[in-house]
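Heads up: the sequence lines are chains A and B, in that order. Numbered according to our numbering, the first sequence terminates at residue 216, and the numbering increases by one at each position without gaps. Numbered according to our numbering, the second sequence terminates at residue 221, and the numbering increases by one at each position without gaps.
It is worth saying that the hints were derived from the structure and are not from the lab. These numbers come from a predicted model, not from an experiment. The C-beta atom is built at its ideal place from N, Cα and C for all residues, glycine as well. Any given hint might turn out to be false.
[As the list claims (entries may be wrong)] BS3-like mimics (lysine-lysine), calculated; alpha carbons at most 25 angstroms apart, straight line:
(1) Lys-98(B) with Lys-125(A)
(2) Lys-167(A) with Lys-125(A)
(3) Lys-115(A) with Lys-131(A)
(4) Lys-150(B) with Lys-167(A)
(5) Lys-72(A) with Lys-167(A)
(6) Lys-110(B) with Lys-150(A)
(7) Lys-125(A) with Lys-139(A)
(8) Lys-179(A) with Lys-150(B)
(9) Lys-184(B) with Lys-131(A)
(10) Lys-115(A) with Lys-125(A)
[Said to hold, decoys possible] If you want the ones that stay clear, here's a sample from chain A, every Cβ over 12 angstroms from chain B, calculated:
(11) Ser-37
(12) Ala-66
(13) Ser-70
(14) Val-71
(15) Thr-88
(16) His-89
(17) Asn-112
(18) Glu-140
(19) Ala-155
(20) Ser-199
[Unchecked claim] Distance windows between CB atoms, simulated:
(21) Val-42(B) with Gly-193(A): 46 to 56 angstroms
(22) Gly-38(A) with Gly-53(B): 44 to 54 angstroms
(23) Leu-196(B) with Glu-98(A): 49 to 59 angstroms
(24) Glu-98(A) with His-177(B): 17 to 27 angstroms
Here is what each chain is made of, one letter per residue.
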Amino acid sequence: MITMKLPPFFAILLCTSPFWGNAPVTEAIWLNLPPSGTKCVSEELHNNVVVLADYVVVSDDHSSAPTISVKVSSPYGNNLHHKENATHGQFAFTTQEAGNYLACFWADAHNPSKADVSVNLDWKTGIAAKDWETVARKEKIEGVELELKKLEGAVEAIHENLLYLKSRESEMRIVSEKTNSRVAWFSIMSLGVCISVSVLQLWHLKRFFQKKKLI
Amino acid sequence: MEMKQIYVLAALLLSFVARISSLSITVNDVECVYEYVFYEGDAISGNFVVVDHDIFWGSDHPGIDFTVSSPGGNVVHNIKGTSGDKFELKAPRSGMYKFCFHNPFSTPETVSFYIHVGHIPNEHDVAKDEHLDPINVKIAELREALESVTAEQKYLRARDNRHRHTNESTRKRVIGYTVGEYILLAAVSSLQVLYIRRLFSKSVSYNRV
Chain A
2 MITMKLPPFF
12 AILLCTSPFW
22 GNAPVTEAIW
32 LNLPPSGTKC
42 VSEELHNNVV
52 VLADYVVVSD
62 DHSSAPTISV
72 KVSSPYGNNL
82 HHKENATHGQ
92 FAFTTQEAGN
102 YLACFWADAH
112 NPSKADVSVN
122 LDWKTGIAAK
132 DWETVARKEK
142 IEGVELELKK
152 LEGAVEAIHE
162 NLLYLKSRES
172 EMRIVSEKTN
182 SRVAWFSIMS
192 LGVCISVSVL
202 QLWHLKRFFQ
212 KKKLI
Chain B
13 MEMKQIYVLA
23 ALLLSFVARI
33 SSLSITVNDV
43 ECVYEYVFYE
53 GDAISGNFVV
63 VDHDIFWGSD
73 HPGIDFTVSS
83 PGGNVVHNIK
93 GTSGDKFELK
103 APRSGMYKFC
113 FHNPFSTPET
123 VSFYIHVGHI
133 PNEHDVAKDE
143 HLDPINVKIA
153 ELREALESVT
163 AEQKYLRARD
173 NRHRHTNEST
183 RKRVIGYTVG
193 EYILLAAVSS
203 LQVLYIRRLF
213 SKSVSYNRV
């Protein structure tokens with residue numbers, strides 16, 4: 002639990018993040034890192050998605066801010082971002098492979114205080130990571146028009162998501178139907194195997210007894 | 013509109029968008045995520061889905077508990093024993109809200125969650141700030157509506173992910189258990205044959221088993 006007074010908290014938020022500029026009201030999640038142990042967050046992303054993330058260590062003690070280490074890895078184990086002894090940082094990448102992307106944080110071992118470290122993580126993917134300032138400058142739009150353009154981008158992202166969900170549903174349907182037919186086939190085959198094994202048993206035993214001149 | 017007004021407007025409008033993605037976190041016992049709510053009366057909405065990796069006996073798993081605590085410490089929202097749900101609540105005050113997942117069992121579960129805090133400026137804000145146009149209220153409402161669609165899609169995606177895990181597990185189980193069954197059947201019957209052969213070959217007076 003973060004226990005700190007509001008005004009210095011805000012001051013630290015404003016001055017430690019270079020990302021916010023004039024708008025102090027962006028949202029992100031806070032994680033509480035224990036003095037020992039790693040906290041990881043992951044997201045399953047498909048190919049060609051832009052990821053933009055920003056992390057800040059927030060503490061109420063101005064003099065000795067605790068430091069953390071960050072490691073971001075791709076699904077195949079490639080290291081995308083690795084930083085030690087950091088109080089803030091930023092990383093951005095475009096996904097090359099589809100899968101689970103993992104971002105792990107842990108408090109540095111040689112931290113003065115043994116309290117939990119709070120990290121603010123602002124993780125944006127896809128349309129939320131789009132740089133609207135460049136778009137505004139390039140196309141010379143501003144204000145309401147820019148907001149409507151953002152809404153248009155959001156709607157396009159929704160449409161894309163919907164198509165993705167549709168394709169996943171059809172993939173799943175294929176797998177389900179294949180499993181269904183496999184269950185039917187394997188049950189019939191199991192009956193066949195049972196019958197053939199018992200016939201083999203009988204034939205073998207009959208031959209054995211005939212050889213032993215019992216029958 | 014002059015430049016200063018544009019910048020203030022842009023800054024205020026930028027503040028209405030919550031940018032968070034659907035993150036996953038592994039819950040061993042209790043995992044908490046915090047989110048700061050800037051205005052009282054903001055609508056906090058979100059969803060979470062438990063993505064089980066190895067469901068062994070299936071629907072016996074009781075699910076996980078989810079609690080939302082206000083900055084004052086009291087529990088604002090509570091869901092018990094579920095494998096995924098949506099939630100929506102109105103923030104009674106501004107401050108740091110705590111969203112906790114509690115796993116009653118020892119097997120770690122991965123939870124995919126999405127939390128969104130949306131703020132729509134109302135008539136008070138419009139009256140107070142002369143740079144804020146009533147159209148911005150409408151745009152903010154539109155944006156919140158689109159965010160709710162996006163949130164629903166993230167929920168569906170997480171559920172689809174869980175469904176895919178279940179399907180893969182079923183497929184592997186069907187093949188594994190069937191091949192195992194055939195091998196076991198053949199082994200048992202050959203053991204039977206060998207035993208009967210042994211019975212008949214060892215005894216001297218073999219017409220008396």
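Now for the hints, and whether the structure bears them out:
no.	hint	result
1	Lys-98(B) with Lys-125(A)	holds, 21 angstroms
2	Lys-167(A) with Lys-125(A)	holds, 24 angstroms
3	Lys-115(A) with Lys-131(A)	violated, 38 angstroms
4	Lys-150(B) with Lys-167(A)	violated, 31 angstroms
5	Lys-72(A) with Lys-167(A)	violated, 33 angstroms
6	Lys-110(B) with Lys-150(A)	violated, 33 angstroms
7	Lys-125(A) with Lys-139(A)	holds, 22 angstroms
8	Lys-179(A) with Lys-150(B)	violated, 49 angstroms
9	Lys-184(B) with Lys-131(A)	violated, 40 angstroms
10	Lys-115(A) with Lys-125(A)	violated, 31 angstroms
11	Ser-37	holds, 14 angstroms
12	Ala-66	holds, 18 angstroms
13	Ser-70	holds, 18 angstroms
14	Val-71	holds, 15 angstroms
15	Thr-88	holds, 18 angstroms
16	His-89	holds, 17 angstroms
17	Asn-112	holds, 20 angstroms
18	Glu-140	holds, 15 angstroms
19	Ala-155	violated, 5 angstroms
20	Ser-199	violated, 7 angstroms
21	Val-42(B) with Gly-193(A): 46 to 56 angstroms	holds, 52 angstroms
22	Gly-38(A) with Gly-53(B): 44 to 54 angstroms	violated, 37 angstroms
23	Leu-196(B) with Glu-98(A): 49 to 59 angstroms	violated, 40 angstroms
24	Glu-98(A) with His-177(B): 17 to 27 angstroms	holds, 19 angstroms
Hint compliance for this structure: hints 3, 4, 5, 6, 8, 9, 10, 19, 20, 22, 23 are not met, and every other hint is.
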